[in-house]
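Could you put the whole structure together from the sequences, leaning on the hints where they help?
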Amino acid sequence: MSNQDLAKLFRNVAAAYSIKDEKKFRFQIIAYQKAADTVSNLTSEIIDFYKDDKLNTLPGIGVTIKSHLEELFKTGKVSHFEWALKGIPEAVFPLLDIPSFGPKKAYRLVKEFHLNNPKTVIKDLEEIASRGKIAKLDGFGDKSQSDILRAIAEFRLGKGKKTRMTLPYAMEIADKITSYLKLSKDVIRAESLGSLRRRMPTVGDIDIAVATNNSKSVIEYFTGYPYKERIIEKGDTTSSLLVSGGKQVDLMTQPPEAFGALLQHFTGSKNHNIHLRELSLKKGLSLSERGIKNLSKKGLPIQNYDSEEGFYEAIGLQWIPPEIREDTGEIELASQKKLPELIKLSDIKGDLHIHSNFPIEPSHDLGQNTIDEMIQKAKSLKYDYLGFSEHNPSISKHTSNQIYSLLKRRTLKIEQIMSDNKDVRILKLLEIDILPSGNLAIDDKSLNLLDGAIVSIHSTFNMNKADMTERVLKGLSHKKAKILAHPTGRMLNERKGYELDWSKIFEYCKKYNKALEINSWPGRLDLPDMIIRMAVNTKVKMVINTDSHAVLEMDNMKYGIAMARRGWATRDDILNTLSYNEFYKWLKK
DNA sequence: GCCGTTTTCGGCCCGACTGTTTTCAGTCG
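Numbering (the working numbering), first residue to last: 39 to 627.
Bear in mind the hints are in silico, worked out from the structure with no lab data behind them.
As the structure is a computational prediction, the values presented were derived from the model and not from experiment.
Idealized CB from N, CA, C, for every residue including glycine.
Don't take every hint at face value.
[Claimed, not checked] Between beta-carbon pairs, the in silico distance windows are:
| hint | residue 1 | residue 2 | range |
| --- | --- | --- | --- |
| 1 | PRO97 | LYS181 | 24 to 32 Å |
| 2 | SER40 | GLY561 | 53 to 61 Å |
| 3 | GLY561 | ASN252 | 39 to 47 Å |
| 4 | GLY114 | SER617 | 29 to 37 Å |
| 5 | LYS223 | TRP357 | 24 to 32 Å |
[To be verified] Calculated pairs, BS3-like style, for lysine-lysine (alpha carbon to alpha carbon, straight line, at most 30 Å):
| hint | residue 1 | residue 2 |
| --- | --- | --- |
| 6 | LYS387 | LYS466 |
| 7 | LYS387 | LYS577 |
| 8 | LYS61 | LYS89 |
| 9 | LYS460 | LYS483 |
| 10 | LYS542 | LYS92 |
| 11 | LYS143 | LYS92 |
| 12 | LYS627 | LYS534 |
| 13 | LYS382 | LYS542 |
| 14 | LYS451 | LYS503 |
| 15 | LYS143 | LYS161 |
| 16 | LYS72 | LYS308 |
| 17 | LYS197 | LYS157 |
| 18 | LYS483 | LYS446 |
| 19 | LYS375 | LYS124 |
| 20 | LYS92 | LYS72 |
| 21 | LYS62 | LYS89 |
| 22 | LYS512 | LYS534 |
| 23 | LYS534 | LYS579 |
| 24 | LYS446 | LYS387 |
| 25 | LYS512 | LYS627 |
| 26 | LYS142 | LYS72 |
| 27 | LYS142 | LYS308 |
| 28 | LYS623 | LYS417 |
| 29 | LYS142 | LYS46 |
| 30 | LYS143 | LYS58 |
Listed below in structure tokens is the structure:
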């Protein structure tokens, strides 16, 4: 059973509990939802945690759920889940994927209309609604009937939150809307928050906070946004739009003197906020987006905070960088004022993964700009060094002698440029395929032309975890191989990537001075943040590269930095914060 | 059902919006 299947099963159990007795099972419902979130965010398969007896290390998985999982992996089923799901028609569950459908509404409709086929339930319900039968039910009306029809139509088109945006795309939409908002005289500040501010690799919806003394006017202005498809909701202080492209934008407002609490609330994450609020309750404080209520002093007005720093300070915490607000230990450290100083963009001294258009007839895509153009860009970024690492020349189209002469030409070109240019030091690298056998794609004679090699997987992704780990370790075993590029091979929204045995990879990297790449390409963002965090904890060194195929892409470094920060990396964890001499020394180690 | 720098028992975040209702249930973030 895949992680996503298991997460779905947990959510179904939670939904079944909601339908049967929401009050009685209130905390079980929360527990199963949390377990579902945990499982769906794992970076390796849940069954591996079971095999290694590590299930109890996962947040939200305690004694009971652990024993259910053990039963699942031993027998293929869980008698408790069968009991919990008993009496709930299977057709309820597909409806839960549609926005605005919760367990109660889905169950009610399935029961009323005897919808028993989970494969056709959405279409069946649509037919019933279009024949006007839902409006006649108690508690429903014409509006809810037409809302259901629209919800189904939008769900089919993949609108709303179903498909997640890459970071740059989300930033572009957010910038457009905040710029629009700032044109209103009532908007004092407008900021994009939520998962975008936390720099999640993908973003589901855009969250925007506005400071204003006239919420009503701002909401009017917001809902008049010219590029909207429709208004989802419109209240006194908050509103939501569906904008063109089918993405949802949520707006919240507060007066400027209370804006700090809103920033904090709307940045999240949900788990971070829940933990913060539970912690504060124990101190007699109740937190919300409006401010802080002192529960022991009844009648006292809510305390306002204009800044987020002030809000965190009021509950005895150090300000926490948004990227790590995921409730994975940051609150505990902030209360001791011991948060690490996360890496910043200005710490970066060089980029090692650059594809120029120098014609070495590579196995994969060539860059679009010349070596000189890339160096000029590096200069503007104030880098001390730049590593050229085009893909190796194609091995199916060239003999090893031809590969050598292609690389030799590139070497001469780089050396000529180096003699003319003293501002940016240049490293002669190459991105080399690790073949399915684990061998590198080019031979030692060619490899000896290089200062070092970046190695990576570009074919035969479907190997199992043990074999892929062997393959990667064999690839890294060459003396010149120093960096493993885009280590999981994932492509966001496209492919999951292959599995590796991280403890083996980490151990090897430490022992033989190899580094893992954090690839800043927005469609990759690979390593994933959780694996960066593991690498940081085990003191494995990393580099942050852009993998640029064009000058403009060299600005993508900020996305890799964001991932490194999400993984709690400091300057010391990242090798391309080193000076040229120190980095070169590491390369030759 | 989970969890622990007040607790191994007894807690468990907080608020907004909508539709169908005359005070609330359901959904969402």
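query: What hints, given by number in increasing order, does this structure fail?
result: Per hint list: 1, 2, 4, 8, 11, 12, 14, 19 and 21 violated.
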